[in-house]
Amino acid sequence: MAMRDLVAGGAACAVPGSSSSNPLGALANTLLGSSSKTQERLKEIPIATATSSENRFFQDVEDPLRALPGAEFEQQPFPRPGGQGSEFLRGFRSADQNENGLADAWDEIQRSHVHPPPQANIPQLDHVYNRGPQLQPTLDGPPQRVLSNFLHSFVESSRGAIPFHPAPLPLLGLSEGDKQCIRDRSSIMARHFFADKSEDFINAQVNALLSSLDIDSDVHVKGPLPGRFRELEDYWNESQGSLRPGPHAADGWIAEFNQHRLDRSDPDAWAHAFERQHGANGWASEFEQEQQLASMDQMRGVNVPNLAAMEQTRMLAHTLSQNNDPKFQNSKFLQFVSKMSRGELIIDDNQVKPAAGPSDWATEYQQQYTRGTSWADEYVRDEVSRGPDRWVNEFTTEGEQNGSVDDRWVNEFSKLHVNDWVEEFGQQVEKGELGDSSADNWANAYDEYLNERVAAKRQSEASGGDYVFSGMNPYVGHPNPLKEGQELFRKGLLSEAVLALEAEVLKNPDNAEGWRLLGIAHAENDDDQQAIAAMMRAQEADPTNLEVLLALGVSHTNELEQAAALKYLYGWLRNHPKYGTLATPELADSLYYADVARLFNEASQISPEDADVHIVLGVLYNLSREYDKAIASFQTALKLKPQDYSLWNKLGATQANSVQSADAILAYQHALDLKPNYVRAWANMGISYANQGLYEESIRYYVRALAMNPKADNAWQYLRISLSCASRNDMLEVCDSRNIDLLQKEFPL
Amino acid sequence: MAAELKSESVFDLLKRFLETDEGIELRKKINLVYQFNIAPKKIGIDEVSYTVNLKKGEVNKGPYEGGKPDATFSLKDEDFVKLAEGKLNPQIAFMRGTLKIKGSLSAAQKFTPDIFPKPSKL
Chain A
1 MAMRDLVAGG
11 AACAVPGSSS
21 SNPLGALANT
31 LLGSSSKTQE
41 RLKEIPIATA
51 TSSENRFFQD
61 VEDPLRALPG
71 AEFEQQPFPR
81 PGGQGSEFLR
91 GFRSADQNEN
101 GLADAWDEIQ
111 RSHVHPPPQA
121 NIPQLDHVYN
131 RGPQLQPTLD
141 GPPQRVLSNF
151 LHSFVESSRG
161 AIPFHPAPLP
171 LLGLSEGDKQ
181 CIRDRSSIMA
191 RHFFADKSED
201 FINAQVNALL
211 SSLDIDSDVH
221 VKGPLPGRFR
231 ELEDYWNESQ
241 GSLRPGPHAA
251 DGWIAEFNQH
261 RLDRSDPDAW
271 AHAFERQHGA
281 NGWASEFEQE
291 QQLASMDQMR
301 GVNVPNLAAM
311 EQTRMLAHTL
321 SQNNDPKFQN
331 SKFLQFVSKM
341 SRGELIIDDN
351 QVKPAAGPSD
361 WATEYQQQYT
371 RGTSWADEYV
381 RDEVSRGPDR
391 WVNEFTTEGE
401 QNGSVDDRWV
411 NEFSKLHVND
421 WVEEFGQQVE
431 KGELGDSSAD
441 NWANAYDEYL
451 NERVAAKRQS
461 EASGGDYVFS
471 GMNPYVGHPN
481 PLKEGQELFR
491 KGLLSEAVLA
501 LEAEVLKNPD
511 NAEGWRLLGI
521 AHAENDDDQQ
531 AIAAMMRAQE
541 ADPTNLEVLL
551 ALGVSHTNEL
561 EQAAALKYLY
571 GWLRNHPKYG
581 TLATPELADS
591 LYYADVARLF
601 NEASQISPED
611 ADVHIVLGVL
621 YNLSREYDKA
631 IASFQTALKL
641 KPQDYSLWNK
651 LGATQANSVQ
661 SADAILAYQH
671 ALDLKPNYVR
681 AWANMGISYA
691 NQGLYEESIR
701 YYVRALAMNP
711 KADNAWQYLR
721 ISLSCASRND
731 MLEVCDSRNI
741 DLLQKEFPL
Chain B
1 MAAELKSESV
11 FDLLKRFLET
21 DEGIELRKKI
31 NLVYQFNIAP
41 KKIGIDEVSY
51 TVNLKKGEVN
61 KGPYEGGKPD
71 ATFSLKDEDF
81 VKLAEGKLNP
91 QIAFMRGTLK
101 IKGSLSAAQK
111 FTPDIFPKPS
121 KL
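If you read the protein sequences in the order shown, they are chains A and B. For the first sequence, counting from 1, position 242 maps to 242 in the UniProt record's numbering; every step adds exactly one. For the second sequence, counting from 1, position 101 maps to 101 in the UniProt record's numbering; every step adds exactly one.
Warning: the hint list may mix true and false statements.
[Unchecked claim] Chain B is nowhere near these chain A residues, computed Cβ spacing over 12 Å in every case:
no., residue
1, G477
2, S495
3, P509
4, A611
[To be verified] For each label pair, taking beta carbons as the anchor points, the in silico distance ranges come out as:
no., chain 1, residue 1, chain 2, residue 2, range
5, B, K28, A, P748, 32 to 40 Å
6, A, D595, B, I45, 26 to 34 Å
7, A, A564, B, D21, 29 to 37 Å
8, A, G477, B, S49, 55 to 63 Å
9, A, K491, B, I45, 49 to 57 Å
10, B, D21, A, N601, 33 to 41 Å
11, B, E19, A, R738, 49 to 57 Å
To be clear, the hints were calculated from the coordinates, so they are not data collected in a lab. Here a beta-carbon is modelled for each residue, glycine too, at the ideal position from N, C-alpha and C.
Take the sequences, apply the hints, and build the full model.
Here it is as structure tokens:
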């Protein structure tokens with residue numbers, strides 16, 4: 001197992017909420033990088049849970065104000081890892097057999113929290129929290145202990161600017177990559193710690209560390225950077241090429257970093273402010289250290305691109321300020337740009353955020369704490385619905401996500417092609433090509449950008465192809481949720497049916513019928529993403545189910561995913577008892593649209609009375625956008641199956657897509673006569689009205705659809721467009737806050 | 001079947017739409033020529049060009065041949081679909097660099113998600 005994994009194994013657990021727990025892991029993480037092999041991390045989960053979950057649970061029960069750093073330890077020292085931790089674990093592990101295990105374990109922790117504090121008696125914690133005489137710890141034991149202790153003592157040496165003494169270490173077996181990481185990071189870190197010290201002092205400190213670890217002590221990195229950084233170098237040079245004569249990436253960082261420090265009036269202010277506020281007791285200091293390390297990570301991750309962006313926006317702000325139009329001068333966009341250029345706003349993870357200035361620091365800290373609470377809530381909720389296996393999976397994926405931070409910011413950075421648009425924009429402003437309305441437009445865009453962030457967040461929760469369960473489900477625990485779900489579905493209560501069916505598939509994850517009906521309900525509720533996710537599970541459980549294959553073909557067609565749609569429609573044919581013989585096995589490898597269409601035409605000749613074949617043909621013609629043929633196929637099918645409401649909707653949608661909106665509306669009306677709660681048909685109605693320029697009408701239909709399923713994201717987007725096209729900007733805010741009651745009142749049908 | 005861009009469907013729908021009364025209104029209102037360079041994965045790589053001529057009401061595959069388009073947009077296939085469906089604001093996409101614009105910005109500003117008809121769902 002790699003050194004990194006040994007040291008950093010537990011750290012991933014500490015990251016999602018606050019970063020207060022497991023400082024050891026986080027430190028090592030900072031130093032060694034957080035990428036690690038999933039398998040190995042998986043093995044370590046129980047341990048990681050034990051050490052980090054305790055701290056977190058304590059935070060949850062405390063009210064947020066009391067949950068200041070150090071506060072919990074004033075009242076009660078550290079939980080004994082052997083105590084509640086393992087009890088919790090026992091409960092956790094037994095959850096498979098005993099459904100109450102988790103609840104008990106949870107209660108156990110809640111109760112024991114009130115008990116008198118146990119003694120803290122484990123050496124590692126002693127070392128970390130008791131800042132006593134043992135500044136230079138004894139360096140023996142397993143390698144990962146030695147390394148982390150050693151690195152800690154290096155970090156501590158910064159506290160009093162004590163010269164760091166090299167120490168003989170046992171053989172640690174660090175890989176070249178690890179050494180490289182330590183070398184790079186420690187030299188940068190040292191500049192952070194010892195900002196007020198001379199360059200010589202810093203070099204001496206770093207050299208002492210490196211020589212003890214048997215690492216080439218040249219602070220200025222020689223030779224090629226390891227893979228991860230090489231990418232950075234490219235991006236850096238690419239973006240900075242014109243500005244400076246391409247210094248070495250690592251040097252560039254350091255210089256850039258120092259420069260950034262100067263940008264802030266008092267570089268140490270925030271650290272001191274924190275100390276003043278929370279006292280300099282051991283734990284708090286440790287935490288501060290942590291945060292410094294964490295912010296180092298942020299420096300690496302965010303500020304380098306930000307500085308580039310700032311430089312560019314400064315140019316932009318200058319250009320814009322040349323424009324004398326008072327309207328423009330007062331525009332939010334200009335304010336936005338100048339804020340960016342002054343570094344008051346930063347772009348982080350594709351979001352514009354206010355930069356954390358010295359005084360904001362504590363606030364941010366508190367926010368992190370608050371997040372800790374929601375983490376626990378989420379955890380409890382998840383446990384109820386998912387069971388431990390799920391949790392473990394999720395944990396590992398989360399770990400992986402955190403592990404990829406390095407890659408992510410490199411990507412992020414590459415996205416910031418600020419140069420291009422700034423130049424473009426500047427030129428256009430100079431030429432006076434922008435009309436009067438442009439300032440307002442840009443200002444609005446900025447406002448919308450903020451909204452979009454919210455939407456994007458929601459989107460990212462739903463995407464990824466995995467089925468997303470509802471948070472609170474009253475049907476969990478229902479004796480027969482499948483029957484209930486079928487009943488609700490028949491009554492047309494789609495959103496209720498979804499909940500009941502979710503309860504069913506939680507109880508019986510291999511129930512193909514449960515998943516299938518759930519998928520159908522989502523499709524009728526106008527949510528193809530969830531429909532696909534559910535249908536995929538249905539197909540897993542029952543790979544040859546024709547209805548499932550057809551539904552997958554339809555949903556992928558709706559999502560414009562041709563290849564996938566074709567695959568499932570062909571699967572339908574191949575698994576059909578009557579037409580399966582038509583399918584030639586060699587076709588499966590390379591599906592061509594024309595071949596599949598030909599096979600279905602053959603099938604329709606074998607049995608022209610089979611409505612299903614015509615339906616699939618209709619879908620296929622939609623894929624190739626031969627709408628006239630598609631319409632003919634659906635009309636044939638409707639003669640055979642006139643009561644099929646979804647077929648009427650398919651006909652309508654096809655007519656709408658071939659811009660026969662008036663016909664489409666008639667077809668939708670048929671569908672809605674047969675199934676009044678058919679959300680998809682209501683939403684499609686709205687689309688057809690909107691495409692005819694009848695925006696006011698379209699709004700009413702969108703609102704109706706949304707009243708039945710507020711989770712229909714497409715309809716919300718379309719409603720927004722229709723509102724602005726109908727000059728009902730007064731209702732945009734109501735739309736953005738998704739206030740369906742008010743919308744219904746305003747736009748009754 | 002060769003992987004087709006999702007955007008193809010959107011352009012096809014727009015093409016049909018421009019022949020309707022509502023589409024003719026739109027042409028009069030905007031009266032500009034846009035070129036779109038759609039990339040399957042990354043901007044600038046394997047781009048497919050489409051010309052949306054709102055002066056003549058035509059949508060064609062390929063770059064604009066009648067001179068210089070009023071504005072040229074470069075973006076990814078996926079982002080274009082989001083843009084057309086109103087899920088992505090063009091100005092924001094531009095700020096982020098996921099949408100690149102060449103040509104007149106005032107022409108580009110007339111390009112809004114509501115010029116695209118919305119696809120209906122089967």
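Here is what the structure says about each hint:
1. G477: 34 Å, holds
2. S495: Since the minimum Cβ distance to chain B is about 18 Å, S495 of chain A lies beyond 12 Å and the statement holds.
3. P509: 28 Å, holds
4. A611: Holds: least Cβ distance 15 Å, greater than 12 Å.
5. B:K28 with A:P748: 32 to 40 Å: 33 Å Cβ-Cβ, so the 32 to 40 Å window holds.
6. A:D595 with B:I45: 26 to 34 Å: 30 Å, holds
7. A:A564 with B:D21: 29 to 37 Å: 36 Å, holds
8. A:G477 with B:S49: 55 to 63 Å: Given a distance of about 57 Å, which is inside 55 to 63 Å, the answer is holds.
9. A:K491 with B:I45: 49 to 57 Å: The hint (49 to 57 Å, Cβ to Cβ) holds, given that K491 of chain A and I45 of chain B are roughly 51 Å apart.
10. B:D21 with A:N601: 33 to 41 Å: 36 Å, holds
11. B:E19 with A:R738: 49 to 57 Å: 36 Å, violated
Against the hints set out earlier in the document, a violation occurs for number 11 only.
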